[in-house]
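Enquirer: The lines below spell out each chain.
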Amino acid sequence: MTTLTHILLQSYQRDPDRVAVVVQHAGQPDRLVTSRDLLEGASRYAQAYHQAGIQPGEVVILILQHGEDLIYSFFGAVLGGQIPSIMPFLTEKLSPERYRADLSALIGITRPSAIVTYPEFEAEVRSALKQGDSVRAVLNTGGMASRFQPDLSRLPGLERSPDDIVLLQHSSGTTGLQKGVALSHRAVLNQLDAYSQALGLNSEDVIVSWLPLYHDMGLIAGFLMPVLRDVKLVLLSPFDWVRAPYRLMQAVSEYKGTLSWLPNFAYNFCAQKIRDRQLEGVDLSSWRAVINCSEPVRWESHQLFYERFKSYGLRLNALQTCYAMAENVFGVTQSNLNSQPVVEEIDSEAYLTERVARPAQDGRPALKMMSSGRAISNTQVRVLNDKHRDVPERVVGEIALRSDCMLTGYYNRPDATQKAFTRDGWYLTGDYGYLVGEELFVSGRKKDMIIVGGKNIYPQDLESIASQVPGVHPGRVVAFGIYNEEAGTEDVVLVAEVDTEDGPERQQIADAVRQAVTRNSAIALRNVYLVSPPWIIKTSSGKTARSANRDKYLKEMAKRDA
Amino acid sequence: MDDAMFNTLSEYITAKILKQPGRSLNLQEPLISGGLIDSFSLVDLALFVEDTFGVHIDDTELNADTFDNLEQLISLIEARR
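Quick mapping for you: the protein sequence lines, in order, are chains A and B.
Under the working numbering, the residue at position 536 of the first sequence is numbered 536, and the numbers go up by one with no gaps.
Under the working numbering, the residue at position 43 of the second sequence is numbered 43, and the numbers go up by one with no gaps.
Hints are computed from structural coordinates only; laboratory data are not their basis.
Be aware that a few hints might be false.
Calculated pairs, DSS-like style, for lysine-lysine (alpha carbon to alpha carbon, straight line, at most 30 angstroms) [to be verified]:
| # | chain 1 | residue 1 | chain 2 | residue 2 |
| --- | --- | --- | --- | --- |
| 1 | B | LYS19 | A | LYS273 |
| 2 | B | LYS16 | A | LYS559 |
| 3 | A | LYS387 | A | LYS552 |
| 4 | B | LYS19 | A | LYS559 |
| 5 | A | LYS310 | B | LYS16 |
| 6 | A | LYS446 | A | LYS559 |
| 7 | A | LYS559 | A | LYS447 |
| 8 | A | LYS552 | B | LYS16 |
| 9 | A | LYS447 | B | LYS19 |
| 10 | A | LYS555 | B | LYS16 |
| 11 | A | LYS552 | A | LYS446 |
| 12 | A | LYS552 | B | LYS19 |
| 13 | B | LYS19 | A | LYS368 |
| 14 | A | LYS256 | A | LYS310 |
Just chain A, same shape as in the assembly:
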């Protein structure tokens, strides 16, 4: 068994001039980063961490946008034996106070020794630090040596054991930032072996990605896998892509991209927001797989995407699916790239009332389900009932998994780690699904997490933000997701109890709630529904019953629209 550092060195020694990453920035020429650039750039950061007294095994938080510095600072930590973790950069809409609070939440649990950011953002980062916390150094990208010849035989990363933690991965919001998924070298490399095999990944492949690196799909499929497997990566900025989704198609066409990963909403987004004139000369025939992952997969979204781009060479067989999670490093299942994902129609009523996915009979209301594929070779998948016993085929239950690439634990959170596993060591995903043969269909979520555009959002974070708005009853707030067919993802609905019956006053409170959530979370809130108390349903222990409240909301909406 080896480590990421060994692999980086071997890759460099094999062919230092190979272009490893093409970094794209809108309005700038593409930057071709060779293996040599990568190793030298990373070594400069490793040297800076060393000079700042940051020891192997300590955590380094990276607060950087898309670009070379993010790549080098990440691999610099790997070479130096430290543990890198990427924190999303401040966005235009996010309030600086919230950002500071999120950063403090992250620091409090993760206890990093160093933070890397831009010179112009250093003051912002320092303002989130408290006396006596773990951070000993704030390094800025301007302080790196311009030329540095590393002694490759003495890199501290070479001394790490395969079972040492190599990186942390967080989801967003206060709750997510306090639950870092800690992954070992061994876990990452086992995942890359099994997942590459499922893809038939080879040196002719070119991966094109706009996904953010703080998310598992971007970090693993769209960054570590190509770099560590000597596959060329074309890396776009998520910031650029969302403003100009056609850049993905142009990049695939220009670099003959073969593989990309997209969350479901991106299929709708690309299909709806790209104009013909932006596709002049674009050829998508090199794409052998566009893999739908990280939110529930929809056949309708694949159809939209295919219809929009088939005249540009997109092949129907290129549309694929995957089920993944950071706790398994990334991939759990993958559809077979040589055929289309399995699609079936199931009886709606049996699914909703009996939790059974029975093939639909003629004339009965049906739901279209698309498989996420089969477990990759190192991962076993089961579907369990409440008592953690296997359910029969086609019966919906909680998806559980076991593999040789599981997380080491939630970093500094033994409580959360223990809760995530059954007594015999199966990881409980919190997702519902059913099996047909080996095909896994993911059908919903047991946990309350909302997935918006591939981002995991904890409703309790949104509820606590809304509770602070004047006029809202603190604690009498509930947030949940409702699927939006047009967007291909969930809309977030927030219901809040207020005393006032006055129309304009309610409008004002609704505006304030929307504003507060938008500026204090990773999402924009659209639907705010104000109600008079008592409306919100709580459990006997006083917790908010989100799914019961969601049902109540849907009923009221249906009545209103009737």
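Using the hints, position chain B against chain A.
Expert: Showing chain B alone in chain A's frame:
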């Protein structure tokens, strides 16, 4: 200041982006930094401006530095017409 342009843009944003047709917007209300228009809707706004007024806003310009409220957006459109 072109009132017709203000009304057209304001109606589009409240009805299509905010999905609150009854809402009013004022000229100085911060759209991007205030979080009213999220990043997923910026491309819609740019396409709407292009289709309606024949003015191209490059995707590299879709940020609060180029325009953050209706007043600034209207000046930008007028300057390019």
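Enquirer: For each hint, tell me whether it holds in the structure or not.
Expert: Going down the list of hints, with the structure as the test:
no.	hint	in the structure
1	LYS19/B with LYS273/A	holds (18 angstroms)
2	LYS16/B with LYS559/A	holds (24 angstroms)
3	LYS387/A with LYS552/A	holds (28 angstroms)
4	LYS19/B with LYS559/A	holds (20 angstroms)
5	LYS310/A with LYS16/B	holds (28 angstroms)
6	LYS446/A with LYS559/A	holds (27 angstroms)
7	LYS559/A with LYS447/A	holds (28 angstroms)
8	LYS552/A with LYS16/B	holds (27 angstroms)
9	LYS447/A with LYS19/B	holds (29 angstroms)
10	LYS555/A with LYS16/B	holds (25 angstroms)
11	LYS552/A with LYS446/A	holds (18 angstroms)
12	LYS552/A with LYS19/B	holds (22 angstroms)
13	LYS19/B with LYS368/A	holds (28 angstroms)
14	LYS256/A with LYS310/A	holds (16 angstroms)
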